[in-house]
Amino acid sequence: MSKIQFKPIILKQITATLLFLCFIFCSIASAKSKFKNETEAYQSAKKSYQKFKEENRYHKYRERWIQTINQFLLVAAHYPKGKYAADSLYLAGTMYMDLYRLSFVTDDLQQAKLYFDDLIRRFPKSRYADDGWFYKGQIQLKLRSHAQAEFAFQQ
Numbered sequence: 001m002s003k004i005q006f007k008p009i010i011l012k013q014i015t016a017t018l019l020f021l022c023f024i025f026c027s028i029a030s031a032k033s034k035f036k037n038e039t040e041a042y043q044s045a046k047k048s049y050q051k052f053k054e055e056n057r058y059h060k061y062r063e064r065w066i067q068t069i070n071q072f073l074l075v076a077a078h079y080p081k082g083k084y085a086a087d088s089l090y091l092a093g094t095m096y097m098d099l100y101r102l103s104f105v106t107d108d109l110q111q112a113k114l115y116f117d118d119l120i121r122r123f124p125k126s127r128y129a130d131d132g133w134f135y136k137g138q139i140q141l142k143l144r145s146h147a148q149a150e151f152a153f154q155q
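Just so it is clear: in the sequence shown, position 152 is 152 by my numbering, and no numbers are missing.
These aren't lab readings, by the way, just hints derived from the structure by calculation. Here the structure is a predicted model, which means the values were calculated and not measured. We put the beta carbon where it would ideally sit given N, CA and C, even for glycine.
Under the rule of at most 25 Å between Cα atoms (straight-line distance), these lysine-lysine pairs were calculated in the DSS-like manner: (1) Lys46 - Lys36; (2) Lys36 - Lys83; (3) Lys46 - Lys125; (4) Lys53 - Lys34; (5) Lys51 - Lys34; (6) Lys83 - Lys34; (7) Lys46 - Lys60; (8) Lys83 - Lys125; (9) Lys47 - Lys83; (10) Lys47 - Lys36; (11) Lys51 - Lys36; (12) Lys47 - Lys34; (13) Lys81 - Lys47; (14) Lys83 - Lys46.
The calculated label-pair distances, taken between Cβ atoms and stated as ranges, are: (15) Thr39 - Phe104: 33 to 39 Å; (16) Arg57 - Leu143: 28 to 34 Å; (17) Leu141 - Ser103: 16 to 22 Å; (18) Glu55 - Ser103: 16 to 22 Å; (19) Val105 - Glu55: 17 to 23 Å; (20) Ala147 - Lys51: 39 to 45 Å; (21) Arg62 - Lys83: 26 to 32 Å; (22) Arg57 - Lys81: 35 to 41 Å; (23) Asp107 - Ala147: 21 to 27 Å; (24) Ser103 - Lys47: 21 to 27 Å; (25) Asp130 - Glu55: 29 to 35 Å.
Generate the whole structure from the sequences, applying the supplied hints.
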């Protein structure tokens, strides 16, 4: 039998991916034990969001943005059909758009689009679905995907 040989770069990518997945699963487990229910988890994320918005000094630190966004993502992941899942995806998307306005990192726009896509797909009747389509159109314009932007704006 021959051994499978991985190039060092592939091995690093695999390791990084596994560590990231472990972090997500541990975070979800931690969030589950930390909060009694979805409302408590969402209110905690919302409180962190309000504090973040009020404290302008935090805005220059990317990790603060990501920490706040991840709190909403944990609510959406842990309670995927809950009453705050759509709100959480919407806020994650809008925060990534706001982060892009400071960072000009295209991946931030891609992340925002990902969460708006998820919102639209999972919650088409949500009060946030129309806004999700609108923001998705704006993102497509910034990414120079004019046909996709036009489609999003027509929804």
